[in-house]
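Under full-length UniProt numbering, the sequence shown has 73 at position 73, and the numbering climbs by one with no breaks.
No lab work stands behind these hints, which were simulated from the structure alone. Treat each hint with caution, since some may be false.
With a cut-off of at most 30 Å between alpha-carbon atoms, the simulated DSSO-like pairs for lysine-lysine come out as follows [what the hints assert, rightly or not]:
#, residue 1, residue 2
1, LYS159, LYS281
2, LYS30, LYS175
3, LYS101, LYS175
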Amino acid sequence: MYNDLAIFSGRAHPALAEAIAARLGRSLGKVDVFEFSNENIFVQFQENIRQRDVFLVQPFVSPVNTSIMELLIMIDAARRASAGRITAVIPYYAYGRSDKKDQPRVPITARLIANMLETAGADRVLTLNLHAGQIQGFFNIPLDELNALYPVSAYFRTKNLANYTVVATDVGGEKRARDLAVRLDLPLAIIDKRRIGNAEVAEAMHVIGEVEGRNCLILDDEISTAGTIVSAVNALRQNGAREIIVSCYHPVFAGPAVERLRALDLHEIVVTDSVPLGPEKILPNMTVIPVAPQFGDAIARIHSGQSVGALFQ
Numbered sequence: 001m002y003n004d005l006a007i008f009s010g011r012a013h014p015a016l017a018e019a020i021a022a023r024l025g026r027s028l029g030k031v032d033v034f035e036f037s038n039e040n041i042f043v044q045f046q047e048n049i050r051q052r053d054v055f056l057v058q059p060f061v062s063p064v065n066t067s068i069m070e071l072l073i074m075i076d077a078a079r080r081a082s083a084g085r086i087t088a089v090i091p092y093y094a095y096g097r098s099d100k101k102d103q104p105r106v107p108i109t110a111r112l113i114a115n116m117l118e119t120a121g122a123d124r125v126l127t128l129n130l131h132a133g134q135i136q137g138f139f140n141i142p143l144d145e146l147n148a149l150y151p152v153s154a155y156f157r158t159k160n161l162a163n164y165t166v167v168a169t170d171v172g173g174e175k176r177a178r179d180l181a182v183r184l185d186l187p188l189a190i191i192d193k194r195r196i197g198n199a200e201v202a203e204a205m206h207v208i209g210e211v212e213g214r215n216c217l218i219l220d221d222e223i224s225t226a227g228t229i230v231s232a233v234n235a236l237r238q239n240g241a242r243e244i245i246v247s248c249y250h251p252v253f254a255g256p257a258v259e260r261l262r263a264l265d266l267h268e269i270v271v272t273d274s275v276p277l278g279p280e281k282i283l284p285n286m287t288v289i290p291v292a293p294q295f296g297d298a299i300a301r302i303h304s305g306q307s308v309g310a311l312f313q
């Protein structure tokens with residue numbers, strides 16, 4: 001057991017960190033984080049954290065590399081301030097798609113970041129829906145992976161989803177979509193997708209499953225440029241789908257994503273707030289599901305030595 005827990009936020013998503021702290025009935029700890037004119041990052045904790053159970057909240061969002069470096073420096077500062085235990089709370093783990101060598105002479109960046117977090121001094125990691133489950137194995141320290149399936153499926157159970165089919169955007173996302181389909185007692189379809197090189201271009205080839213005359217609920221773990229979603233929606237329309245809902249766990253919405261989504265005839269877009277969503281990324285048909293309750297409850301259990309897995313039962 002460690003002394004009183006302390007929650008601090010980097011600059012990536014302070015609103016989420018504040019909501020997590022509020023869930024625990026606490027205030028965010030005071031930390032000074034800024035960049036010098038030469039872009040060097042400075043961190044100083046403004047309160048005593050000696051032997052405290054420290055949680056550092058920082059999703060890896062734009063500017064991604066700055067967010068990563070900022071967390072590494074916060075971890076190092078906490079370690080040198082004699083924190084009892086340091087948990088990196090990473091609601092969105094960037095570079096998750098770089099989890100294997102699928103081309104010659106390429107890095108496995110997801111593993112590299114895991115190594116850097118450990119070297120900096122993190123004792124454990126708390127995250128949400130990694131792009132690939134194998135990323136858990138990149139860590140030699142405890143990692144707890146929360147699942148946005150639970151709050152998202154709870155939201156959809158309040159809706160009338162008669163005549164709906166859950167759709168996976170590719171074969172790799174089949175398990176994620178199947179889990180949602182089982183919880184909602186709906187049939188499943190899969191898009192046969194082909195990604196073209198490294199140009200962030202995806203082409204939907206075929207639809208596996210029955211969608212003609214049915215409504216569709218597309219589920220993806222992350223929407224980056226929305227190219228995959230556009231391709232999937234077009235494929236479903238060509239196969240006779242009617243009303244379409246799009247949902248994702250991490251609404252990164254980079255580049256042309258917002259305009260692409262705006263141009264699609266979607267009944268609803270359902271996302272979480274694992275990454276910050278500025279006003280420019282909020283669309284009229286968008287519903288944002290908070291993840292702070294999950295993170296707050298998980299942090300409380302980690303601090304008290306209880307099972308995090310019990311949250312999923």
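Any hints from earlier that this structure breaks? Give me their numbers in increasing order, please.
-> 2
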